[in-house]
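With the hints as extra help, turn the sequences into a complete structure.
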Amino acid sequence: MKTSLKIKISILLAAIAIISACSSSEKAATNKNVAGIYLPGLNLIDPDFIIFHKNDTLTQLHFRLNSENILYTKKREDTTFSANLLINYELINTADEALVDSASIYFTDYGGNQQKKFLNGLINLPTKQNKTYDLIVTVNDINRDHYIRKRLVINRADNYNAQNYLLLDSNNNVVFNNHFRNNEKVVIEKNSNNATKNILLKFYGNEFPIAKPPFSIEGEEETEPLVFKPKLSKEIEFDTLNRILYSVEDKGLYHFQASENGNSGTTIFNFQEHFPKVKSPENMIDPMRYISTKKEFDALSNAENKKAAVDKFWLEIAGSTDRARTLISEYYNRVESANNYFTSYLEGWKTDRGLIYIIYGSPNVVYKNKNYENWIYGEENNMMSISFVFQKITNPVSDNDYTLSRSPIFKNSWFRAVDSWRSGRIY
502 MKTSLKIKIS ILLAAIAIIS ACSSSEKAAT NKNVAGIYLP GLNLIDPDFI
552 IFHKNDTLTQ LHFRLNSENI LYTKKREDTT FSANLLINYE LINTADEALV
602 DSASIYFTDY GGNQQKKFLN GLINLPTKQN KTYDLIVTVN DINRDHYIRK
652 RLVINRADNY NAQNYLLLDS NNNVVFNNHF RNNEKVVIEK NSNNATKNIL
702 LKFYGNEFPI AKPPFSIEGE EETEPLVFKP KLSKEIEFDT LNRILYSVED
752 KGLYHFQASE NGNSGTTIFN FQEHFPKVKS PENMIDPMRY ISTKKEFDAL
802 SNAENKKAAV DKFWLEIAGS TDRARTLISE YYNRVESANN YFTSYLEGWK
852 TDRGLIYIIY GSPNVVYKNK NYENWIYGEE NNMMSISFVF QKITNPVSDN
902 DYTLSRSPIF KNSWFRAVDS WRSGRIY
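Numbering-wise (the working numbering), the sequence shown opens with residue 502 and increments by one.
There could be a bad hint or two in this list.
[To be verified] As a list, the in silico DSS-like pairs of lysine-lysine whose alpha-carbon atoms are at most 27 Å apart: (1) Lys686 - Lys732; (2) Lys617 - Lys686; (3) Lys713 - Lys813; (4) Lys869 - Lys912; (5) Lys632 - Lys871; (6) Lys533 - Lys575; (7) Lys713 - Lys871; (8) Lys555 - Lys575; (9) Lys807 - Lys752; (10) Lys732 - Lys632.
[To be verified] Label-pair distances were calculated between CB atoms; the ranges are: (11) Ser921 - Tyr611: 37 to 43 Å; (12) Glu805 - Val654: 48 to 54 Å; (13) Glu774 - Leu600: 43 to 49 Å; (14) Lys778 - Leu540: 15 to 21 Å; (15) Thr895 - Lys730: 16 to 22 Å; (16) Ser924 - Tyr611: 47 to 53 Å; (17) Thr609 - Phe916: 50 to 56 Å; (18) Asn644 - Glu598: 30 to 36 Å; (19) Arg744 - Leu540: 36 to 42 Å; (20) Lys795 - Met885: 29 to 35 Å; (21) Leu623 - Pro782: 39 to 45 Å.
These are computed hints drawn from the structure, not numbers from a lab. Backbone N, C-alpha and C fix where the C-beta goes; we use that ideal spot for every residue, glycine too.
Structure representation (structure tokens):
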């Protein structure tokens, strides 16, 4: 974005009772179809959140809203456009489901619908060590009469997990995504009550395999186990402000952990150039593995002129230039959306959810629980529909890692979808 706007929000000025519509439960969230979260452009409000435990009693919720997703209007007698937003939150103790804190924050931003900027804010939350909380946040675009509700987990049971570190850019702005490019600098701030003077950096390459087809069951084919071995390991000392400054140089995964004996910490990534976008022929080839034969993929990978090879592949399956453009646009829009939605320790398009999303498209129904996601293509309770279940995986370097429950029953559906792409038809 070209500009950024920081909004200072005082909870004291807005600490009013939260409206009943903001209350939520895990059961209610589970039974609600939230397919819109994976439909680009449908969620008019799509806030980003960062949780940071500043010290033993204070947790900060940093949030960011894209002005392009907010409606700016003006009254007939006014000359200035404005956006009006209401943020409600409830902080709930997970152990006894007791309400710890709640508030409503109303704010106005002046501008226009053509502006490109971020609205950044900060909410301070009272928390205690060794406890976990559910944070239910509702963001309401009043002008558009549209809201989105998100459930966030505040984990204070682990004093060294990612929520105890805050990522900042070289200008001390909060970073809302953890992927960087070559030669970019990142500042890592730790919880001020963390007594450790050093942090251990482990660097891993990013040569991770792509997802297997949904019918592929482990044991059917011999595969080498994934070895998570660092290419570099070194200690870095915090300064007097509880910060370190690090320059990202190589592509891969950078995991900063409190000690050699524990994996808890924070992680940053350096994926391909322009990530999450796909702009070069070299970066277009790898995602084509899902719809190409091994022979075709090897030819693409080894081609001297990769752009010509990519164009030739799509033109041959499409049958015409116009149709090829349509296929390319849809396929790589899905790849980029997968990168935005599903990136974990590897690029989103490589993940199990990315695999299904790219080939099948956006699911018609999504049920999201804290431990799994259920995607349904077609009408619910229809025998002809297909359902995929993704189980959440505990991963020290990512909170967005899910694995597909694979089954041979998906084989016919998978080949039907791939054949559709290879016949020049979007599935």
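Now the hints, each set against the structure:
1. Lys686 - Lys732: Judged against 27 Å, a Cα distance of about 20 Å means the pair holds.
2. Lys617 - Lys686: Between lysine 617 and lysine 686 the Cα gap is close to 24 Å, so the pair holds against 27 Å.
3. Lys713 - Lys813: Holds. Lysine 713 to lysine 813 sits at ~25 Å (cutoff 27 Å).
4. Lys869 - Lys912: Judged against 27 Å, a Cα distance of about 25 Å means the pair holds.
5. Lys632 - Lys871: Cα-Cα ~17 Å, so holds.
6. Lys533 - Lys575: Violated - the C-alpha atoms of lysine 575 and lysine 533 are around 34 Å apart, more than 27 Å.
7. Lys713 - Lys871: At roughly 24 Å apart (the allowed maximum being 27 Å), lysine 871 and lysine 713 satisfy the hint.
8. Lys555 - Lys575: Status violated; Cα separation ~39 Å.
9. Lys807 - Lys752: Status holds; Cα separation ~21 Å.
10. Lys732 - Lys632: 35 Å, violated
11. Ser921 - Tyr611: 37 to 43 Å: Given range 37 to 43 Å: violated, Cβ gap about 48 Å.
12. Glu805 - Val654: 48 to 54 Å: 49 Å, holds
13. Glu774 - Leu600: 43 to 49 Å: For glutamate 774 and leucine 600 the Cβ distance comes to about 47 Å; the hint holds.
14. Lys778 - Leu540: 15 to 21 Å: 19 Å, holds
15. Thr895 - Lys730: 16 to 22 Å: 20 Å, holds
16. Ser924 - Tyr611: 47 to 53 Å: Since serine 924 and tyrosine 611 have Cβ atoms about 52 Å apart, the given range 47 to 53 Å holds.
17. Thr609 - Phe916: 50 to 56 Å: About 54 Å separates the Cβ atoms of threonine 609 and phenylalanine 916, which means 50 to 56 Å holds.
18. Asn644 - Glu598: 30 to 36 Å: 34 Å, holds
19. Arg744 - Leu540: 36 to 42 Å: For leucine 540 against arginine 744, whose Cβ atoms are near 39 Å apart, the range 36 to 42 Å holds.
20. Lys795 - Met885: 29 to 35 Å: 31 Å, holds
21. Leu623 - Pro782: 39 to 45 Å: Holds, at about 42 Å.
Checked against the numbered hints listed earlier, the structure breaks hints 6, 8, 10, 11; every other hint is satisfied.
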